[in-house]
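Residue numbers (numbering that gives the first Met the number 0), protein chains in the order written: chain A, 0 to 266; chain B, 0 to 200.
A few of these clues could be false.
Partial list, derived from the structure: chain B residues whose beta carbon lies under 7 angstroms from chain A [to be verified]: (1) Gly5; (2) Leu39; (3) Thr107; (4) Thr127; (5) Gly184.
Computed far set for chain B versus chain A, every beta-carbon distance over 10 angstroms [said to hold, decoys possible]: (6) Arg4; (7) Gly8; (8) Gly20; (9) Asp26; (10) Glu34; (11) Gly85; (12) Arg87; (13) Gly89; (14) Tyr137; (15) Glu145; (16) His156; (17) Asp175; (18) Gly199; (19) Asp200.
Quick caveat, the hints were computed from the structure, so don't treat them as lab data.
Here the structure is a predicted model, which means the values were calculated and not measured.
Just so you know, even glycine gets a beta-carbon here, dropped at the ideal spot from N, CA and C.
Spelled out, the chains give:
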Amino acid sequence: MTRTTRTTRTTPSTPPAPERFTPPTRFAVPGRVGVSEQAASVWRTATLTGIRRETPRAATFRFAVPGWPGHVPGQHLMLRLTAEDGYTAQRHYSIASAPDDSGHVELTLDHVEGGEVSGWFHTVARPGDRVEVRGPLSGFFAWPGDRPALLVGAGSGVVPLMSMVRHHRARGLALPLRLLVSARSPEELIYARELGAETTTVFTRSAPEGVAVGRMAAAHVAPLMAEPPPGGWEAYVCGSNSFAEHASRLLVAAGQPVDRIRIERFG
Amino acid sequence: MNITRGFTGRPRVDHPGLPPGQYDAGDEWPVLSAEVTPDLAPADWTFRIDGMVAEPRTWDWEQAHALPASAYEGAIHCVTSWSKFGVRFGGVSLDAFLDVVRPHGSATHVVAYAHTGYTTSLPLADVTGGRAWIAWEYDGRPLPAEHGGPARLLVPHLYFWKSAKWIAGLRLLDHDEPGFWEGNGYHARGNPWEEQRYSGD
């Protein structure tokens, strides 16, 4: 049977389709936060003012950014480095700091093996250095602090979630907020000193004595889903793609509506 | 120019196919979707074109595969600054679908929508003339779900957020109607060679 005859045979049996059909939106709709076109289109010079080690692999870089228009927790920016010959490298990075940090933003970067930009930050950068940033960008993953938030992250995926936790604390928000975070080991848990009662940790390679080692599982999600706040959770998942796939499926299996899960995948 | 002290960058490979601000991702193919990957079987997949066309039409998996096969081999470019070379997609040219529905002369834009509800908007001229595909194969194999399988839109000359995963349909319009990222601060067209990343670029 040729391809042409197949078309001919199947077409008459096709039921008449509705005039207009769009599948129902089954994922979180955009526009949590409006993005200022003007702010997003301007490159600003950011001056590195401090470096704080978080783990053997990750450090936080603090910048003063004159004219920074402010951001909402969960948003990211684009960062650009320029070599002497005019070559540029640009990357998206989630913002780690809370909005109420006037004129400053913080980024927490993993030292990526062979990383062109993260390599510069981890081996060359020192206070006083200048880079360029534009943003904040994308309102999709943003959390303005208006709904109960269930934050699920792994590795450096905790960075935009920490901005939300810090915002929650800084503003003294009464809305429920919980953080479920996965790291390879206690030594590699970013922001370990800052995590508090809102946080459940999962260790995949090694853990303190008496604490189980293993992948994030239904048992970690179940207690959070068993006691949802009125109106339910707004879920924010951030990490590697494999983690994001795994964690989002856990949430769906536990009853979290697909259209209330926002995902930010790192590489 | 705002030189970064001590930054040399990785060794320059003079790649004529690399748009400004992009780097070669090599063998990597990062996954960047904002939604939960849907469980969508080929048997449940449909593709519809409607709006400003003479004959709106819905194809199922088998009907779409009955159209003449068409492949794309070349580069793809993501707005987050990676590019990937030598990728091979198999599917059907969007022209083959549009020939069936016969667009009105007044149609100027399309909104592509996914089975998840994701949308992206494009000028009609960017998805005609052999520049766009419905793709279901990657490197000779079924397109993986996390990359939009069973079928995605493929518009390789624009930033890749335009190449909607889990494509469900196109609606032809006589005006631009911003899609998911376009309404979220990203550029209406997204030409990598013009670095049209965000609105205002």
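Double-check B:Thr107 for me: the hint is only fine if its C-beta lies closer than 7 angstroms to a C-beta in chain A.
violated, 18 angstroms
Just double-check B:Gly85 for me: nearest Cβ-Cβ distance to chain A has to come out over 10 angstroms.
At roughly 20 angstroms from the nearest Cβ of chain A, B:Gly85 sits farther out than 10 angstroms, so the non-interface label holds.
Is it correct that the beta-carbon of B:Gly8 has no partner in chain A closer than or equal to 10 angstroms?
Not fine: 5 angstroms to the nearest Cβ puts B:Gly8 too close to chain A.
Just to be careful: measuring from the Cβ of B:Gly5 to every Cβ in chain A, is the smallest value less than 7 angstroms?
holds, 4 angstroms
The output says B:His156 does not contact chain A. Does that hold with a beta carbon cutoff of 10 angstroms?
With a cut-off of 10 angstroms, B:His156 remains clear of chain A, as the shortest Cβ separation is near 20 angstroms.
Assertion that B:Arg4 lies outside the chain A interface [Cβ separation over 10 angstroms]
violated, 5 angstroms
Taking the least C-beta to C-beta distance, is B:Gly184 closer than 7 angstroms to chain A?
Status holds, d = 3 angstroms.
Verify this label for me: B:Glu34 is non-interface relative to chain A, using a Cβ-Cβ cutoff of 10 angstroms.
violated, 3 angstroms
Restraint outcome when B:Thr127 is required to lie within 7 angstroms of chain A by C-beta distance
violated, 21 angstroms
No chain A beta carbon within 10 angstroms of B:Gly199's:
Check fails; 3 angstroms does not lie beyond 10 angstroms.
Grab the minimum beta-carbon distance between B:Tyr137 and chain A and tell me whether it stays above 10 angstroms.
Label holds. Min Cβ-Cβ 16 angstroms, cutoff 10 angstroms.
Could you let me know if the closest chain A CB is still more than 10 angstroms away from the CB of B:Gly89?
holds, 14 angstroms
In the structure shown, a violation is registered for the earlier hints numbered 2, 3, 4, 6, 7, 8, 10, 15, 18 and 19, in ascending order.
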